Amino acid sequence: MENKAINSGKMEKFEDVLAWEKARNLTVAIYRITNKNSDFVRDFDLKSQIRKSSISIMSNIAEGFGRKSDKAFLNFLNIAHGSAAELQSHLYIALDLKYIEKSEFERLYDLAGEVSKIITGLGKYLKRNA
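Heads up, the sequence shown is in numbering that gives the first Met the number 0, so the first residue is 0 and it goes up one at a time.
Derived from the structure by calculation, the hints contain no laboratory data.
One thing to keep in mind: the hints can contain errors.
Taking CB as the label site, the calculated pair distances span [to be verified]:
1. Tyr108 - Gly65: 20 to 30 Å
2. Glu14 - Asn77: 17 to 27 Å
3. Ser102 - Ala71: 31 to 41 Å
Fair warning: this is a prediction, and the values are worked out from it, not measured in the lab.
For each residue, glycine too, the CB sits at the ideal point set by N, CA and C.
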């Protein structure tokens, strides 16, 4: 099953996918916040996991898009959606350990939620137009 979203001309490359763009911004924000607090910097396990989950969101969107089929894209969007939930869970740990302020937690949590909603909407679009 070919990717109709790609062929319709709306999205020619993965960089055109709004969810990927938002996930990229989220990843940059995660990198910045994990370098800001010295305790966070030294917590190699959490720092690594939170970064990997944010990277996974944008990477799976790109990889799914690159597979050139709606079925594959949907599968990778599902994985990206799961990575966004994983990231949100990691943010709770960072908050509980006081690595980040409540306002930073809320901003990043909401951004991850926004990415999840966009991913969900894109998945619904692909299913409807398959």
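Outcome of the hint check:
At about 29 Å, the beta-carbon gap between tyrosine 108 and glycine 65 stays in the expected band of 20 to 30 Å. The hinted range of 17 to 27 Å is satisfied by glutamate 14 and asparagine 77, whose Cβ atoms lie roughly 21 Å apart. Between serine 102 and alanine 71 the beta carbons are some 38 Å apart, a value that agrees with the proposed interval 31 to 41 Å.
Consistency with the previously given hints is maintained throughout, with no hint failing.
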